[in-house]
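Student: Listed in order, the protein sequences are those of chains S and F.
Just so we're aligned, residue 76 is where the first sequence starts under the numbering used here, counting upward by one.
Just so we're aligned, residue 1142 is where the second sequence starts under the numbering used here, counting upward by one.
Derived by calculation from the structure, the hints in this document are not laboratory data.
One thing to keep in mind: the hints can contain errors.
Claimed, not checked - For lysine to aspartate or glutamate, the following DMTMM-like pairs were computed, each having C-alpha atoms within a straight-line distance of at most 25 Å:
#1 K1250(F) / D1296(F)
#2 K1279(F) / E206(S)
#3 K1329(F) / D1296(F)
#4 K1250(F) / E206(S)
#5 K1329(F) / D1207(F)
#6 K1329(F) / E251(S)
To be verified - Derived DEER-like restraints, expressed as beta-carbon distance ranges:
#7 D1275(F) / H112(S): 26 to 34 Å
#8 D268(S) / G1233(F): 51 to 59 Å
#9 E1323(F) / G217(S): 19 to 27 Å
#10 V171(S) / Y1277(F): 40 to 48 Å
#11 S191(S) / E1323(F): 23 to 31 Å
#12 H112(S) / R1216(F): 20 to 28 Å
#13 D1334(F) / A188(S): 21 to 29 Å
#14 S256(S) / R1228(F): 31 to 39 Å
#15 K1250(F) / Q149(S): 14 to 22 Å
#16 D268(S) / E1323(F): 33 to 41 Å
#17 Y1277(F) / H112(S): 25 to 33 Å
#18 Q1253(F) / G186(S): 27 to 35 Å
#19 P219(S) / R1364(F): 23 to 31 Å
Since this is a predicted model, take the numbers as computed values, not measurements.
C-beta: ideal position from N, C-alpha, C; glycine also.
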Amino acid sequence: MSIVHHLDDDVLLEYATGTLAEGWSIAVATHLALCPHCRERYELMELTGGALLDTLEPVPASPDSWTALMARLQDETGAQPAAATPAVPPNGGQPVLPEPLRSYVGSDVDGIAWKSLPGAAQFLIPTSDGETMVRLLRIPAGKPVPEHTHRGREFTLVLSGAFSDGEDVFRRGDIEVADSSLMHTPVATPDADCICLAVTDAPLKFKSWMVRMVQPMLGI
Amino acid sequence: MTTTVSIDVASCKTLAPYVLRPPRDARPRAARKTVRKKEMAVEPNDKQALNITMSAHLTAVAERRDVAAFEELFRYYGPRVRAYMARLARDGQLAEELMQETMMAVWNKSAQYSPDKGNVSTWIFTIARNLRIDAYRKANRPGFDPNDPAFVPADTAPADQTLEGMEDAARLHEAMAQLPSEQLQLLKLSFFDEASHGTIAETLGIPLGTVKSRIRLAFAKLRSTLEDKQ
């Protein structure tokens, strides 16, 4: 099943240049692991970065720069060049969570200690950027996540199952980029639970007063 | 693919930079993009020759720990990486240190460079970028892992990626020279100054939507140039 919901150039570019904060970058990198189409576009951006490096007006290195570097090389002559990272042997089939997400979570989906939410379950993924909230959500088959609006943007990347957001169906690898103008009610398709990665830059602001009341207690 | 340069790493290494000159664009003249006079000075084939030479140097470092080849890489990339670092570091000493770190990483990770990716400048740019993020934001940069069993590879692998990578890089230089200046400026601000698009919009006094549409236009143009190559 091929991916139909991709990333826009501006998000890919912020990831390629290094501007995008860690939380958003986890979603972008995980989408790229699943999406050859976006990867090809991303590679063009890195190629552009290399070409721009060629065009930079060179700033002469310090006069003793090469000597200093040589001294460091001497210290490390015994060291073998680091080999490319070996593949982690799959532990019984293909993981549901691709890298880098699997390392952030610490296991594949089987090992996740889900915390329950009203009508869903979540697993918080800590990051060091201080500006995003990153979590896995598990929405039961056929069930909606509570209706909400956002104060900022939200990336939602489907990892298993699917959700439908009005007209559009999002399946494994599809990513939805929403901003504060979008009111949406994602509903898991009836065939299976939907597991997705959700990145937001502000706590979600649920519409329902009941959910809003319990929000501080649940830490969502 | 019309050119037939084979890259003999062993013999490349002994040649001075720029000596290896691959055949000029062999397509019929009519098939080439119109190039204005000014841009002819860009000489994409020089870039291609440079890529081939640098790729051979890096391979020599990886395979034989060749210090002379490493010095060639240092002489070319050191001052450029330093310039890249200096765009964020007001302190020249810090820019120098980050450049040294980058070149050490080039030495230590040379085995991870794969010539079928083709472009040394891009490889070194990604190392420098990651070190810069690390230094300024004290943050991790998550990246995908092509060796991961869950990684989804592309359906088709081009037959001769090495040469294709080299040609793409050369053609990209040509295409970049033809971008409208406001689009090129935007790319430079994005890559060098690591400014968010919101910040760039404020700096230039233009709406965020304009920033995004210029980015879209610029990459659409660059993509079509590369897809156009047959």
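Student: Give a verdict on every hint.
Tutor: Cross-check of the supplied hints:
{"no.": "1", "hint": "K1250(F) / D1296(F)", "result": "28 Å, violated"}
{"no.": "2", "hint": "K1279(F) / E206(S)", "result": "14 Å, holds"}
{"no.": "3", "hint": "K1329(F) / D1296(F)", "result": "32 Å, violated"}
{"no.": "4", "hint": "K1250(F) / E206(S)", "result": "32 Å, violated"}
{"no.": "5", "hint": "K1329(F) / D1207(F)", "result": "33 Å, violated"}
{"no.": "6", "hint": "K1329(F) / E251(S)", "result": "28 Å, violated"}
{"no.": "7", "hint": "D1275(F) / H112(S): 26 to 34 Å", "result": "29 Å, holds"}
{"no.": "8", "hint": "D268(S) / G1233(F): 51 to 59 Å", "result": "55 Å, holds"}
{"no.": "9", "hint": "E1323(F) / G217(S): 19 to 27 Å", "result": "49 Å, violated"}
{"no.": "10", "hint": "V171(S) / Y1277(F): 40 to 48 Å", "result": "34 Å, violated"}
{"no.": "11", "hint": "S191(S) / E1323(F): 23 to 31 Å", "result": "51 Å, violated"}
{"no.": "12", "hint": "H112(S) / R1216(F): 20 to 28 Å", "result": "38 Å, violated"}
{"no.": "13", "hint": "D1334(F) / A188(S): 21 to 29 Å", "result": "42 Å, violated"}
{"no.": "14", "hint": "S256(S) / R1228(F): 31 to 39 Å", "result": "34 Å, holds"}
{"no.": "15", "hint": "K1250(F) / Q149(S): 14 to 22 Å", "result": "18 Å, holds"}
{"no.": "16", "hint": "D268(S) / E1323(F): 33 to 41 Å", "result": "48 Å, violated"}
{"no.": "17", "hint": "Y1277(F) / H112(S): 25 to 33 Å", "result": "31 Å, holds"}
{"no.": "18", "hint": "Q1253(F) / G186(S): 27 to 35 Å", "result": "29 Å, holds"}
{"no.": "19", "hint": "P219(S) / R1364(F): 23 to 31 Å", "result": "38 Å, violated"}
Hints 1, 3, 4, 5, 6, 9, 10, 11, 12, 13, 16 and 19, counting from the list given before, are not met by this structure.
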